[in-house]
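Colleague: Here is how the chains run, residue by residue.
2 protein chains.
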Amino acid sequence: MTSASLVTIAVDSMGGDHAPDVVLEGVIAALAADPALRVMLVGPADVVTSFAEGRERVEAVVATEVVGMDEHATVAVRSKKDSSIAVGCRLVKEGRADGFFSLGNSGATMAAATLMMGRVPGVLRPAIAAVLPTAGAPCVLLDVGANADCKPEHLAQFGAMGAAYARSVLGVESPRVALLNIGEEPAKGSVLAQEAYVLMQDRVPGFVGNVEGRDIPAGAADVIVTDGFTGNVALKLMEGMSRHLLGEFKRAMTASAVSKVAAAVLKPSLNGLRDKLDPDVHGAAPLLGVAGLALIGHGSSGARAVASALRVGAVAVRGGLVQRVAESLGELGA
Amino acid sequence: MTSASLVTIAVDSMGGDHAPDVVLEGVIAALAADPALRVMLVGPADVVTSFAEGRERVEAVVATEVVGMDEHATVAVRSKKDSSIAVGCRLVKEGRADGFFSLGNSGATMAAATLMMGRVPGVLRPAIAAVLPTAGAPCVLLDVGANADCKPEHLAQFGAMGAAYARSVLGVESPRVALLNIGEEPAKGSVLAQEAYVLMQDRVPGFVGNVEGRDIPAGAADVIVTDGFTGNVALKLMEGMSRHLLGEFKRAMTASAVSKVAAAVLKPSLNGLRDKLDPDVHGAAPLLGVAGLALIGHGSSGARAVASALRVGAVAVRGGLVQRVAESLGELGA
Chain A
1 MTSASLVTIA
11 VDSMGGDHAP
21 DVVLEGVIAA
31 LAADPALRVM
41 LVGPADVVTS
51 FAEGRERVEA
61 VVATEVVGMD
71 EHATVAVRSK
81 KDSSIAVGCR
91 LVKEGRADGF
101 FSLGNSGATM
111 AAATLMMGRV
121 PGVLRPAIAA
131 VLPTAGAPCV
141 LLDVGANADC
151 KPEHLAQFGA
161 MGAAYARSVL
171 GVESPRVALL
181 NIGEEPAKGS
191 VLAQEAYVLM
201 QDRVPGFVGN
211 VEGRDIPAGA
221 ADVIVTDGFT
231 GNVALKLMEG
241 MSRHLLGEFK
251 RAMTASAVSK
261 VAAAVLKPSL
271 NGLRDKLDPD
281 VHGAAPLLGV
291 AGLALIGHGS
301 SGARAVASAL
311 RVGAVAVRGG
321 LVQRVAESLG
331 ELGA
Chain B
1 MTSASLVTIA
11 VDSMGGDHAP
21 DVVLEGVIAA
31 LAADPALRVM
41 LVGPADVVTS
51 FAEGRERVEA
61 VVATEVVGMD
71 EHATVAVRSK
81 KDSSIAVGCR
91 LVKEGRADGF
101 FSLGNSGATM
111 AAATLMMGRV
121 PGVLRPAIAA
131 VLPTAGAPCV
141 LLDVGANADC
151 KPEHLAQFGA
161 MGAAYARSVL
171 GVESPRVALL
181 NIGEEPAKGS
191 VLAQEAYVLM
201 QDRVPGFVGN
211 VEGRDIPAGA
221 ADVIVTDGFT
231 GNVALKLMEG
241 MSRHLLGEFK
251 RAMTASAVSK
261 VAAAVLKPSL
271 NGLRDKLDPD
281 VHGAAPLLGV
291 AGLALIGHGS
301 SGARAVASAL
311 RVGAVAVRGG
321 LVQRVAESLG
331 ELGA
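These protein sequence lines map, in sequence, to chains A and B.
Under the working numbering, the first sequence has 225 at position 225, and the numbering climbs by one with no breaks.
Under the working numbering, the second sequence has 120 at position 120, and the numbering climbs by one with no breaks.
Some clues are possibly wrong.
Pairs count within a copy or across copies, as identical chains cannot be separated in the list.
To be verified - Below 30 Å or equal to it, Euclidean Cα-Cα: the simulated DSSO-like pairs (lysine-lysine) are:
hint: 1; residue 1: K188; residue 2: K236
hint: 2; residue 1: K93; residue 2: K151
hint: 3; residue 1: K151; residue 2: K267
hint: 4; residue 1: K93; residue 2: K81
hint: 5; residue 1: K250; residue 2: K93
hint: 6; residue 1: K236; residue 2: K250
Source of the hints: derived by calculation from the structure; they are not laboratory data.
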């Protein structure tokens with residue numbers, strides 16, 4: 001940690017659909033909730049300077065450029081050396097911040113974090129981990145998009161890194177690590193899945209075998225490993241299903257006058273449910289495997305997601321996430 | 001069709017979690033709903049003979065063997081020449097039935113259908129198509145499990161075959177065919193997805209580009225193409241999410257005494273919603289690309305799913321599905 005008592009997170013004030021407003025609002029909420037949190041707000045002078053003025057535990061760091069949401073990630077990182085994303089990652093690299101959070105261009109955040117912070121020794125591919133609400137305990141799904149094409153040894157590392165995250169951030173002592181597949185038996189699935197099974201069974205502590213798509217929302221494992229293509233499809237499908245089914249549910253409830261009254265009675269319970277399904281609760285997905293904490297937010301995030309991301313970031317720093325990832329790789333013999 | 005007016009579907013009386021009861025019940029319902037449907041019930045003598053006795057439009061066909069749900073598919077097909085699955089597929093091959101439906105071992109059904117009915121000329125890989133409920137019109141997703149590893153040319157064929165299904169069974173005149181990917185832009189995704197995009201844009205009529213996971217339940221396309229690994233994960237994840245979220249709704253609604261009363265008022269609307277989300281409505285997934293109609297049911301199917309499968313089967317036969325698949329492959333230049 002940057003100081004004996006405070007955790008410092010560098011926060012990108014730009015990017016996403018509603019920046020900088022939701023970012024600033026989220027930072028205020030996070031600082032109020034955690035007296036040991038400090039924020040370095042990175043972005044255009046007119047945004048960050050006035051915000052930091054007179055505020056405790058906020059430092060303004062001016063970045064003169066912004067990476068657009070649709071810009072090519074690696075091109076943008078190479079050409080815009082003074083973007084809020086590049087500056088934020090540099091703060092972590094230089095040890096001035098303990099972590100970086102952005103809800104901007106996620107490809108650029110990944111590229112900048114990997115380039116500037118470097119990888120944990122032995123890591124073949126950093127991976128994005130999403131924490132999903134399930135019928136049981138939250139589940140860490142990875143990779144959800146950093147690596148569209150993977151090899152078996154990548155998946156085995158994802159298992160170890162995901163377990164390190166579950167231990168240090170979610171407080172799961174002995175995480176059950178599963179492989180996402182299309183059948184329960186070891187010999188099922190793609191060549192990748194079959195080979196990954198053998199490797200994971202051999203090497204990954206807590207490996208419990210294959211799980212299928214339907215097991216994800218059921219909470220069948222603490223960590224579920226897959227390639228970044230399948231994981232990204234699964235993550236977005238879960239978001240889409242939640243939205244679709246809540247919409248259908250609303251329509252079903254307001255179908256008649258009588259049911260409208262009943263729906264009004266049920267509203268508090270249903271708001272609780274919406275909150276439970278809301279991805280905002282976890283706020284951001286860490287890029288595991290880089291030698292620093294990088295948190296990637298959803299472009300459509302609201303202030304609550306920003307606050308959650310900062311809370312998760314502080315927990316990750318205090319839980320020694322990066323060190324745990326390094327240790328887990330060591331155990332894997334990678 | 002086997003006769004000027006009747007459609008004949010061979011039905012496996014065995015397999016699945018609740019056979020033969022749900023099968024027999026489903027057959028009765030389907031025959032009552034469609035006076036131009038005829039069933040050849042395949043299975044053990046004691047099951048099929050007594051059922052057929054005195055019943056119109058039902059013929060008993062004895063099969064002395066049964067493929068277990070956990071048996072190795074191709075081994076079972078090779079060793080059990082007189083299984084209900086093998087006999088049913090043979091009835092189609094010999095032109096005695098227009099199609100075959102089984103909710104037994106799906107791998108064995110696939111293997112037997114491919115082996116005995118053969119492939120439509122030019123088809124590289126038969127694929128399983130699932131019809132999914134969405135916020136809009138139903139969506140055909142394929143492949144959902146026949147081919148865990150695919151090449152770009154397979155995906156292009158899946159697009160053409162899925163469009164043939166949407167036209168002949170769902171009545172969609174000009175189906176919008178999309179590629180499941182992890183971004184909207186052509187250059188996104190795995191190597192497979194990138195190459196498939198180029199091929200599909202070039203060759204597949206009605207190709208509308210990439211869709212993402214969240215677009216599936218939104219009803220963004222009539223046909224969505226992916227490899228059998230991703231498709232199987234997506235299909236099972238949708239089932240799991242429906243089950244999980246309906247369970248959460250129920251819990252939210254019965255949280256207090258007052259909400260219990262409100263929930264009772266809402267019950268009819270919610271049952272309607274459950275029915276809408278129920279995969280039973282579509283009943284079975286066709287194996288597209290074989291030179292005959294093969295319908296694969298869910299092992300956990302109820303009688304309603306069996307009846308739906310037979311209804312869908314009759315529509316497919318009357319719509320000339322197999323012929324349309326052959327034509328679509330021709331248009332593709334495959």
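Colleague: Of all the hints given earlier, name the ones this structure violates by number, lowest first.
Modeller: Numbers 3, 5, in rising order.
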